[in-house]
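Assemble the complex: chain V is given as a structure, and chains G and L must be docked to it using the hints.
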Amino acid sequence: MKKRTAVFASWLLWLWLAAVIVGAFEYAPLAAKFIGQSSRILFFHVPMAWAAFTAFITAGVYSVRYLFGGRSQGSPRDPRHDRAARAAIELGLLFGVLATVTGAVWSRIMWGAYWNWDPRQTSIVMALIFNGAYLALRDAVEDAEKRARLAAAYAALGLVVTPFFFFVVPRITFSLHPEPVINARGRVEMDPRMLQVLLASGAGFMALFFWLHDLRKRVLAVADRALEAAAAGAPTHAADPVSTSPRTVSQ
Amino acid sequence: MQVSGSIEWVMVVNLIIWTGLFLYLRRLDRQVRALEASQEAPALEREP
Amino acid sequence: MSRPASTWVREAAAVFAKEWRSEIRTRYALNTLALFAVNTLVVVSASLGPLGAAPGRSSETLPVLLWLILLFAAAAGLPRSFVHEEETQTATALRLAATPSALFCGKLAYALTLLAALEALVAPLFLAVMNLDVARPGLLVATLAAGGFGLAAGSTLVAAIIAQARGKGTLFAVLSFPVLLPLLLLAVELTRGAFAGGGAPGQGGFQGGLGGAGVALIQLLLYDGAVTTAGLMLFPVVWNP
Numbered sequence: 001m002k003k004r005t006a007v008f009a010s011w012l013l014w015l016w017l018a019a020v021i022v023g024a025f026e027y028a029p030l031a032a033k034f035i036g037q038s039s040r041i042l043f044f045h046v047p048m049a050w051a052a053f054t055a056f057i058t059a060g061v062y063s064v065r066y067l068f069g070g071r072s073q074g075s076p077r078d079p080r081h082d083r084a085a086r087a088a089i090e091l092g093l094l095f096g097v098l099a100t101v102t103g104a105v106w107s108r109i110m111w112g113a114y115w116n117w118d119p120r121q122t123s124i125v126m127a128l129i130f131n132g133a134y135l136a137l138r139d140a141v142e143d144a145e146k147r148a149r150l151a152a153a154y155a156a157l158g159l160v161v162t163p164f165f166f167f168v169v170p171r172i173t174f175s176l177h178p179e180p181v182i183n184a185r186g187r188v189e190m191d192p193r194m195l196q197v198l199l200a201s202g203a204g205f206m207a208l209f210f211w212l213h214d215l216r217k218r219v220l221a222v223a224d225r226a227l228e229a230a231a232a233g234a235p236t237h238a239a240d241p242v243s244t245s246p247r248t249v250s251q
Numbered sequence: 252m253q254v255s256g257s258i259e260w261v262m263v264v265n266l267i268i269w270t271g272l273f274l275y276l277r278r279l280d281r282q283v284r285a286l287e288a289s290q291e292a293p294a295l296e297r298e299p
Numbered sequence: 300m301s302r303p304a305s306t307w308v309r310e311a312a313a314v315f316a317k318e319w320r321s322e323i324r325t326r327y328a329l330n331t332l333a334l335f336a337v338n339t340l341v342v343v344s345a346s347l348g349p350l351g352a353a354p355g356r357s358s359e360t361l362p363v364l365l366w367l368i369l370l371f372a373a374a375a376g377l378p379r380s381f382v383h384e385e386e387t388q389t390a391t392a393l394r395l396a397a398t399p400s401a402l403f404c405g406k407l408a409y410a411l412t413l414l415a416a417l418e419a420l421v422a423p424l425f426l427a428v429m430n431l432d433v434a435r436p437g438l439l440v441a442t443l444a445a446g447g448f449g450l451a452a453g454s455t456l457v458a459a460i461i462a463q464a465r466g467k468g469t470l471f472a473v474l475s476f477p478v479l480l481p482l483l484l485l486a487v488e489l490t491r492g493a494f495a496g497g498g499a500p501g502q503g504g505f506q507g508g509l510g511g512a513g514v515a516l517i518q519l520l521l522y523d524g525a526v527t528t529a530g531l532m533l534f535p536v537v538w539n540p
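As given, the protein sequences belong to chains V, G and L, one line each in that order.
Heads up: the first sequence is residues 1 to 251, going by the working numbering.
Heads up: the second sequence is residues 252 to 299, going by the working numbering.
Heads up: the third sequence is residues 300 to 540, going by the working numbering.
Isolated chain V (complex conformation) (with noise of 0.2 angstroms):
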């Protein structure tokens, strides 16, 4: 993306969750049935829920692109598919403890206690720990390609047993999670004002994974190419300090 484009884009992402915040508290009406204000809560932790498990689903889509991704016999794997899975598994880490932490908090002041391993607090308690193992895996290979290649498949096997938790645990526990959206009925519950803001965060929190997204690719792919030249310009320029060494390329 252009960089004009790009700072347009975000400074219009700033706006929209500006106003997402703002109407959170002004324009949404408080929910029946909810202690005081908490249910404003709603507008934060139920899009980062949404944000980690888009995270996990990207990354687990981008492991099997660079596993299996249309190449040719004997061609390398494209790198770039393997930093994609990681920044998306180390979001969805971030968005993941985030939605938790703010889902435990409101768990707390509606119900009193702040843990009951509702199917949904599981779920997202289970991704969590498959990031974490993800990345633990990721810090255990020192050969980059092996690296790449195990964790990849590892986020794989993750993608096929992730729907396990969404169809398994609901019929285990009955659920305190309120089912305003999607409910048994099928139709949406919710008061439209309040409806509005949420799929409005939702969106805004989207974008901002993506961006997120981007940034962190990108710094992976700066400190891939630095080592890369390091790795290069040490054999052949010794101790020449004006060589292609990563002096040029630090900051």
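Simulated from the structure, these hints should not be mistaken for lab results.
One or more hints might be untrue.
Said to hold, decoys possible - Chain V side only, calculated, beta carbon under 8 angstroms to chain L, not exhaustive:
(1) Leu67
(2) Val105
(3) Glu145
(4) Leu150
(5) Phe165
Said to hold, decoys possible - With a straight-line cut-off of 30 angstroms between C-alpha atoms, the simulated DSS-like cross-links for lysine-lysine are:
(6) Lys467/L x Lys317/L
(7) Lys217/V x Lys2/V
(8) Lys146/V x Lys317/L
(9) Lys146/V x Lys217/V
(10) Lys146/V x Lys467/L
(11) Lys217/V x Lys317/L
(12) Lys3/V x Lys217/V
We treat Cβ as the ideally placed atom computed from N, Cα and C, and that holds for glycine.
This is chains G and L only, laid out in the frame that chain V set:
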């Protein structure tokens, strides 16, 4: 408008946090662009 | 496929036979699994006291313990099949000699039989020591079979991944736990139903009686299928650069 300690303060704090975060991200974007540009340039001069 | 099916089967069978032959020579995995399981069982049983858990609670809590014993024993004994290959560098020979999918199936078959042996040891002991009456033994056997299958399949793939990394023991536990969790939850729920019978709603039993158990069992089998398929597709990528 209500007295301080009301929900409006939470909103204001949220806005401040969001704006701060946003400005930080913009700065990060600028820094990364600068790094990317500096990595492009030496590549042209680097011998194969 | 470049090779005919019969060769593939022969390869998988050869891998399976090799695993068992080396296992019988050293009896490492069998000993590890058996000792680990028995030790854990002793700790659980001794700490619960001579009469076991309080009767009302037993069908809730004991299935969890049973599956934890199986899970930890598997984590102790199964990864070795891949780790050992990498350590003794026989992995290189395997990479040259065997088709990845055949290798995976051979290793999976080995893990399955190992786990079956483990369950055959642990389950009767567990029932005896905990003084449990099983309301639906058929369901228990089906759960042990389906759950054991998933445990073996998930463990085999994760073992292949961690064998090429550092920190193998703890890393296996870290990686396998999220993968195996749906299996554990389903298996525990089904085992509760098998112990308690159709009755208790809400916490332990199935609301739908046999129908509820059927749904959970199908989900477990679906999980087994999904993980096995993922293993077959991902193993070649994990095994070869």
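Exercise for review: Would you pick out the hints that fail for this structure and give their numbers low to high?
Suggested key: The structure breaks hints 2, 11; every other hint is satisfied.
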